[in-house]
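Asker: These protein sequence lines are chains G and A, in that order. Residue numbering for the first sequence follows my numbering, beginning at 81 and increasing consecutively. Residue numbering for the second sequence follows my numbering, beginning at 81 and increasing consecutively.
Source of the hints: derived by calculation from the structure; they are not laboratory data. Please note that a few of the clues may not be correct.
As the list claims (entries may be wrong) - In silico lysine to any residue, SDA-like type, Cα no more than 20 Å apart, as pairs:
| hint | chain 1 | residue 1 | chain 2 | residue 2 |
| --- | --- | --- | --- | --- |
| 1 | G | Lys-163 | A | Arg-482 |
| 2 | A | Lys-103 | G | Ala-122 |
| 3 | A | Lys-103 | G | Phe-305 |
| 4 | A | Lys-370 | G | Gly-496 |
| 5 | G | Lys-370 | G | Arg-383 |
| 6 | A | Lys-370 | A | Asp-359 |
| 7 | G | Lys-103 | A | Leu-278 |
| 8 | A | Lys-163 | G | Gly-496 |
| 9 | G | Lys-370 | G | Met-81 |
| 10 | G | Lys-163 | A | Glu-493 |
| 11 | G | Lys-370 | G | Thr-344 |
| 12 | A | Lys-103 | G | Gly-306 |
| 13 | A | Lys-163 | G | Ala-173 |
| 14 | G | Lys-370 | G | His-393 |
| 15 | G | Lys-103 | G | Ala-82 |
| 16 | A | Lys-103 | A | Pro-316 |
| 17 | A | Lys-370 | G | Glu-493 |
| 18 | A | Lys-370 | A | Met-81 |
| 19 | G | Lys-103 | A | Arg-303 |
| 20 | G | Lys-103 | A | Gly-496 |
| 21 | A | Lys-103 | A | Ile-400 |
| 22 | G | Lys-103 | A | Phe-305 |
| 23 | A | Lys-163 | G | Pro-486 |
| 24 | A | Lys-103 | G | Arg-303 |
| 25 | G | Lys-103 | A | Gly-306 |
| 26 | G | Lys-163 | G | Arg-147 |
| 27 | G | Lys-103 | G | Asp-402 |
| 28 | G | Lys-370 | A | Arg-104 |
| 29 | G | Lys-370 | A | Gly-496 |
| 30 | G | Lys-163 | A | Pro-486 |
| 31 | A | Lys-103 | A | Leu-83 |
| 32 | G | Lys-163 | A | Gly-496 |
| 33 | A | Lys-370 | G | Ala-505 |
| 34 | A | Lys-103 | A | Asp-354 |
What the hints assert, rightly or not - Over 12 Å on every C-beta distance to chain G, these chain A residues come out as not near it, computed from the model:
| hint | residue |
| --- | --- |
| 35 | Met-102 |
| 36 | Gly-125 |
| 37 | Leu-157 |
| 38 | Pro-184 |
All of these numbers come straight from a predicted model, not from anything done at the bench. Yeah, the Cβ is synthetic: ideal placement off N, Cα and C, and Gly gets one too.
Protein chains: 2
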Amino acid sequence: MALRIDSRAPGFEEALARLLAMKREVSQDVDEAVRAIIADVAARGDAAVIDYTRRFDGLALTSGTLRIAPSEIEEALARCDAKTLAALETAKARIEAFHRRQRPEDLAFTDDLGVTLGWRWTAVEAVGLYVPGGTASYPSSVLMNAVPAKVAGVPRIVMAVPSPRGELNPLVLAAAHLAGVDEVYRIGGAQAVAALALGTATIAPVAKIVGPGNAYVAAAKRRVFGTVGIDMIAGPSEVLVLADGSANPAWIAADLLAQAEHDTAAQSVLITDDAALADAVERAVEAQLKTLPRADIAGASWRDFGAVIVVGHLAEALPIVDRFAPEHLEIMAEDADSLAAGVRNAGAIFLGGHTPEAIGDYVGGSNHVLPTARSARFSSGLGVLDFMKRTSILRCGPEGLRALAPAAIALGEAEGLDAHARSVAIRLNR
Amino acid sequence: MALRIDSRAPGFEEALARLLAMKREVSQDVDEAVRAIIADVAARGDAAVIDYTRRFDGLALTSGTLRIAPSEIEEALARCDAKTLAALETAKARIEAFHRRQRPEDLAFTDDLGVTLGWRWTAVEAVGLYVPGGTASYPSSVLMNAVPAKVAGVPRIVMAVPSPRGELNPLVLAAAHLAGVDEVYRIGGAQAVAALALGTATIAPVAKIVGPGNAYVAAAKRRVFGTVGIDMIAGPSEVLVLADGSANPAWIAADLLAQAEHDTAAQSVLITDDAALADAVERAVEAQLKTLPRADIAGASWRDFGAVIVVGHLAEALPIVDRFAPEHLEIMAEDADSLAAGVRNAGAIFLGGHTPEAIGDYVGGSNHVLPTARSARFSSGLGVLDFMKRTSILRCGPEGLRALAPAAIALGEAEGLDAHARSVAIRLNR
Numbered sequence: 081m082a083l084r085i086d087s088r089a090p091g092f093e094e095a096l097a098r099l100l101a102m103k104r105e106v107s108q109d110v111d112e113a114v115r116a117i118i119a120d121v122a123a124r125g126d127a128a129v130i131d132y133t134r135r136f137d138g139l140a141l142t143s144g145t146l147r148i149a150p151s152e153i154e155e156a157l158a159r160c161d162a163k164t165l166a167a168l169e170t171a172k173a174r175i176e177a178f179h180r181r182q183r184p185e186d187l188a189f190t191d192d193l194g195v196t197l198g199w200r201w202t203a204v205e206a207v208g209l210y211v212p213g214g215t216a217s218y219p220s221s222v223l224m225n226a227v228p229a230k231v232a233g234v235p236r237i238v239m240a241v242p243s244p245r246g247e248l249n250p251l252v253l254a255a256a257h258l259a260g261v262d263e264v265y266r267i268g269g270a271q272a273v274a275a276l277a278l279g280t281a282t283i284a285p286v287a288k289i290v291g292p293g294n295a296y297v298a299a300a301k302r303r304v305f306g307t308v309g310i311d312m313i314a315g316p317s318e319v320l321v322l323a324d325g326s327a328n329p330a331w332i333a334a335d336l337l338a339q340a341e342h343d344t345a346a347q348s349v350l351i352t353d354d355a356a357l358a359d360a361v362e363r364a365v366e367a368q369l370k371t372l373p374r375a376d377i378a379g380a381s382w383r384d385f386g387a388v389i390v391v392g393h394l395a396e397a398l399p400i401v402d403r404f405a406p407e408h409l410e411i412m413a414e415d416a417d418s419l420a421a422g423v424r425n426a427g428a429i430f431l432g433g434h435t436p437e438a439i440g441d442y443v444g445g446s447n448h449v450l451p452t453a454r455s456a457r458f459s460s461g462l463g464v465l466d467f468m469k470r471t472s473i474l475r476c477g478p479e480g481l482r483a484l485a486p487a488a489i490a491l492g493e494a495e496g497l498d499a500h501a502r503s504v505a506i507r508l509n510r
Numbered sequence: 081m082a083l084r085i086d087s088r089a090p091g092f093e094e095a096l097a098r099l100l101a102m103k104r105e106v107s108q109d110v111d112e113a114v115r116a117i118i119a120d121v122a123a124r125g126d127a128a129v130i131d132y133t134r135r136f137d138g139l140a141l142t143s144g145t146l147r148i149a150p151s152e153i154e155e156a157l158a159r160c161d162a163k164t165l166a167a168l169e170t171a172k173a174r175i176e177a178f179h180r181r182q183r184p185e186d187l188a189f190t191d192d193l194g195v196t197l198g199w200r201w202t203a204v205e206a207v208g209l210y211v212p213g214g215t216a217s218y219p220s221s222v223l224m225n226a227v228p229a230k231v232a233g234v235p236r237i238v239m240a241v242p243s244p245r246g247e248l249n250p251l252v253l254a255a256a257h258l259a260g261v262d263e264v265y266r267i268g269g270a271q272a273v274a275a276l277a278l279g280t281a282t283i284a285p286v287a288k289i290v291g292p293g294n295a296y297v298a299a300a301k302r303r304v305f306g307t308v309g310i311d312m313i314a315g316p317s318e319v320l321v322l323a324d325g326s327a328n329p330a331w332i333a334a335d336l337l338a339q340a341e342h343d344t345a346a347q348s349v350l351i352t353d354d355a356a357l358a359d360a361v362e363r364a365v366e367a368q369l370k371t372l373p374r375a376d377i378a379g380a381s382w383r384d385f386g387a388v389i390v391v392g393h394l395a396e397a398l399p400i401v402d403r404f405a406p407e408h409l410e411i412m413a414e415d416a417d418s419l420a421a422g423v424r425n426a427g428a429i430f431l432g433g434h435t436p437e438a439i440g441d442y443v444g445g446s447n448h449v450l451p452t453a454r455s456a457r458f459s460s461g462l463g464v465l466d467f468m469k470r471t472s473i474l475r476c477g478p479e480g481l482r483a484l485a486p487a488a489i490a491l492g493e494a495e496g497l498d499a500h501a502r503s504v505a506i507r508l509n510r
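Assemble the whole structure, with the sequences as input and the hints as a guide.
Answerer: Next up, the structure:
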């Protein structure tokens, strides 16, 4: 049974604060191991990557076989079943169409002093996409990371995916192929992150690394940050469902369990103004758990981190939602739109009973890489802007410079930066 | 004398690679001290902040005097000279006008399946702005950080600025007042970053912290990242000037020195296709250094990190510029616009002889917080988007869900996430 609390009961604020402060991740101290691996890849390049791959993945490679050949990708494609491939194509087309609308516009304008100002957006020159091996090797995540980079115009997209004992998920390779990934390497862990960031004889360095990974991958990304850009470090996934008595309890239960099946550290929360709905959802969760293949994982997540919060009125729930800043927010209520308009902090909002989060995870078109662990208070889901950067552009003519010079000189002098002031003044002496 | 290299001479690539790999910052190992300070502020709140302020700033405070009272800010304003205040107002108005154009638009569209998709941008709920004390306490930086946050619609902007032995730069308080900062605290260092991120009895926590600082501040920002958002960790500043024989060597020298006076670790680089211009610039730098108040700093920067690169043709310079990915790029050449169009990596570009970087530092209107240390390869200058986040929104009706269900179910099953597939399928059984 998940935690159940009621906003009208004594001790509610304390119970809510405890729920919000819950640590769902055990932080593994792998930083020293990761530091050594990165230093070794910096020093020995391919040879170090090959050594670690032998040790951690049980796979013997050479510089010539680090990269997965195009022919292997074709073979993998041939092994995928047609229905799944078609689903991947649907997903890819919808993700691409959505993200095309995120492409930013350049700007140039001339102000009343004749000064031209603006900016230009350019794509990051090369991006590395990390894909975990094993059970967390999701083809949908390949699309969600690679398609926005492609839409941004990144000219070189490189993927690293470990293949423990040589095993690779053919759907991951199919997704990479569909998304237009340019190079795929069969390496993983901190050694792959280091190779992407620093480059080796075989792998040219990239400028930014994105994608989820285990504790080693996360620690390596933190360490190479600065040398390259990185995306957010993803934590365990979470969903918050906001529902009134009009909602279907079995559907809510299914969505709570879809979140919970990801990971024992995932979190599913229901907030409702209807205690009877809360009861019905709790019963439906227990019933559905009985036939779920990943019931162990989902059950542990629901027991340890799940919560049902009953409030007097749904409007009261909005400040609670903003404090959770959930990665995923589902709203199943009569006035879903106006409730949504009152939310400040959420990675993605799914409106109405016919929008299960799983649609957004796969084929809605919006990105499923979203801010976790309350970081929606200050960050956004992955998008095209994460693969572009903005260069500001300024041009003064002699008149514009003359008009702005007094203020610039005054500020330079006030800050004790005389060479700044002089670099402006010298242009007036003609 | 700065380094001089020629692209047509043997060993050029090696010399350029060495220049690019130069480490300009000595990394201070303050992480353990910072960890302890943050833990102490987490445990003891105000009392810890007050203790560290007494120890590091020689200033005795109470919970009641941590915050700078509005009356003190009014007094500081009265002490500023009118010319400098007017210059700050000019700067503020231009920064605001420029950044208003960066406000992003929300989107909502309905696709051919009747699915509604889009996103909504919202401001970060509270932002902390760190301002260094002492000589690096720049009022222009207060404007550059606070104005975009205000334009973004951040409802609460909090500033922390240390006042060693009680001293405060009145222009910094004036800039905060002008920019609409809501609360100002006279605290600094890791203790200020911790107080902003974690909150104390007196200081409510923020969701994002921006602004430059010393090694302790930088280490503290890295440590609280995740709990709050942070901006880039700024390194020493740099300028790259790209010039042909038409450029004025004295103006170029003035700009190189304006950069160099910031810090002995700053870097000023000239790339030109005209060896005679290179000679003239070198002579002008030496001549101008003789009368510069900060000649010691500027001279050391130019000697240790300055460089003059002569190339056969300016078009050859573009790949070199992209490898530097300079924070500031000035182009003084006949075909400045077409050269600028060929640049991928730069924080800001200043076009033509009448656009010294100092104009952009103060009153151009674009932001002077720009990516350093080659990070313009993957990141942008500070802007309105840094104070907002995007929530994606999805709504399916029954028909849209029915159309998308097969692909979503296929992918859920292919990824071994049956509860995902079931959360879609359960909605079809009606």
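Asker: Does each hint hold? Answer for all of them.
Answerer: Taking the hints in turn, this is what the structure says about them:
In summary, the hint linking Lys-163 of chain G to Arg-482 of chain A is supported, as the alpha carbons are separated by about 16 Å, within the 20 Å threshold. As the CA atoms of Lys-103 of chain A and Ala-122 of chain G are separated by approximately 16 Å, the hinted pair is consistent with the 20 Å bound. Under the criterion of a C-alpha separation no larger than 20 Å, the hint pairing Lys-103 of chain A with Phe-305 of chain G is consistent with the structure, at around 16 Å. Among the hinted pairs, Lys-370 of chain A with Gly-496 of chain G is consistent with the structure: their alpha-carbon atoms are about 17 Å apart, no more than 20 Å.
Among the hinted pairs, Lys-370 of chain G with Arg-383 of chain G is consistent with the structure: their alpha-carbon atoms are about 14 Å apart, no more than 20 Å. Using a Cα cut-off of 20 Å, the hinted pair Lys-370 of chain A and Asp-359 of chain A holds, with the two alpha carbons roughly 18 Å apart. Among the hinted pairs, Lys-103 of chain G with Leu-278 of chain A is consistent with the structure: their alpha-carbon atoms are about 16 Å apart, no more than 20 Å. Only pairs whose Cα atoms come within 20 Å are accepted, and Lys-163 of chain A paired with Gly-496 of chain G is accepted, the gap being roughly 15 Å.
Only pairs whose Cα atoms come within 20 Å are accepted, and Lys-370 of chain G paired with Met-81 of chain G is accepted, the gap being roughly 14 Å. At most 20 Å may separate the alpha-carbon atoms for a hinted pair to count; Lys-163 of chain G and Glu-493 of chain A meet this at roughly 11 Å. A distance of roughly 17 Å separates the Cα atoms of Lys-370 of chain G and Thr-344 of chain G; the hinted pair therefore holds under the 20 Å criterion. A threshold of 20 Å between alpha carbons decides the hint, and for Lys-103 of chain A with Gly-306 of chain G the separation of about 13 Å falls inside it, so the pair holds.
Straight-line distance between C-alpha atoms of Lys-163 of chain A and Ala-173 of chain G comes to about 58 Å, which puts the hinted pair past the 20 Å bound. The hinted pair formed by Lys-370 of chain G and His-393 of chain G fails the criterion: a straight-line CA distance of about 32 Å is larger than 20 Å. For the hint linking Lys-103 of chain G to Ala-82 of chain G, the alpha-carbon distance of about 16 Å falls within 20 Å, and the restraint holds. Distance hint between Lys-103 of chain A and Pro-316 of chain A is fulfilled; the C-alpha atoms sit about 10 Å from each other, no more than 20 Å.
Proposed proximity of Lys-370 of chain A and Glu-493 of chain G is supported: the alpha carbons are some 18 Å apart, at most 20 Å. With a C-alpha separation of about 14 Å, the suggested pairing of Lys-370 of chain A with Met-81 of chain A holds against the 20 Å cut-off. Of the pairs offered as hints, the one joining Lys-103 of chain G and Arg-303 of chain A holds, with about 17 Å between alpha carbons and a cut-off of 20 Å not exceeded. Restraint check for Lys-103 of chain G and Gly-496 of chain A: the C-alpha separation of about 27 Å exceeds 20 Å, so the hint is violated.
A hinted pair counts as satisfied when its Cα atoms are at most 20 Å apart, and Lys-103 of chain A with Ile-400 of chain A qualifies at roughly 18 Å. Among the hinted pairs, Lys-103 of chain G with Phe-305 of chain A is consistent with the structure: their alpha-carbon atoms are about 16 Å apart, no more than 20 Å. At most 20 Å may separate the alpha-carbon atoms for a hinted pair to count; Lys-163 of chain A and Pro-486 of chain G meet this at roughly 9 Å. A C-alpha spacing of about 17 Å is found between Lys-103 of chain A and Arg-303 of chain G, which places the hinted pair at or below 20 Å, so the restraint holds.
Restraint check: the Cα-Cα separation between Lys-103 of chain G and Gly-306 of chain A comes to about 13 Å, which is no more than 20 Å; the hinted pair holds. For the given pair, Lys-163 of chain G sits about 28 Å from Arg-147 of chain G by alpha-carbon distance, which is inconsistent with the 20 Å threshold. About 18 Å separates the Cα atoms of Lys-103 of chain G and Asp-402 of chain G, which keeps this hinted pair within 20 Å; it holds. A hinted pair counts as satisfied when its Cα atoms are at most 20 Å apart, and Lys-370 of chain G with Arg-104 of chain A does not qualify at roughly 61 Å.
For the hint linking Lys-370 of chain G to Gly-496 of chain A, the alpha-carbon distance of about 17 Å falls within 20 Å, and the restraint holds. Our distance criterion of 20 Å between C-alpha atoms is met by Lys-163 of chain G and Pro-486 of chain A, whose separation comes to about 9 Å. For the proposed pair Lys-103 of chain A and Leu-83 of chain A, the alpha carbon gap of about 15 Å is at most 20 Å, so the pair holds. Taken as a hint, the Lys-163 of chain G and Gly-496 of chain A pair is honoured in the structure, with Cα atoms around 15 Å apart against an allowance of 20 Å.
Between Lys-370 of chain A and Ala-505 of chain G the alpha-carbon distance is near 17 Å, which keeps this suggested pair within the 20 Å criterion. Taken as a hint, the Lys-103 of chain A and Asp-354 of chain A pair is broken in the structure, with Cα atoms around 28 Å apart against an allowance of 20 Å. No Cβ of chain G approaches the Cβ of Met-102 of chain A within 12 Å, the least distance being about 14 Å, so the stated non-interface status holds. Annotated as non-interface, Gly-125 of chain A keeps its C-beta farther than 12 Å from every C-beta of chain G; the closest such distance is 16 Å.
At the 12 Å boundary, the C-beta of Leu-157 of chain A stays outside the reach of chain G, the nearest C-beta of that chain being 14 Å off. Residue placement check: Pro-184 of chain A does not keep its beta carbon more than 12 Å from all beta carbons of chain G (closest about 8 Å).
The structure shown violates the earlier hints numbered 13, 14, 20, 26, 28, 34 and 38.
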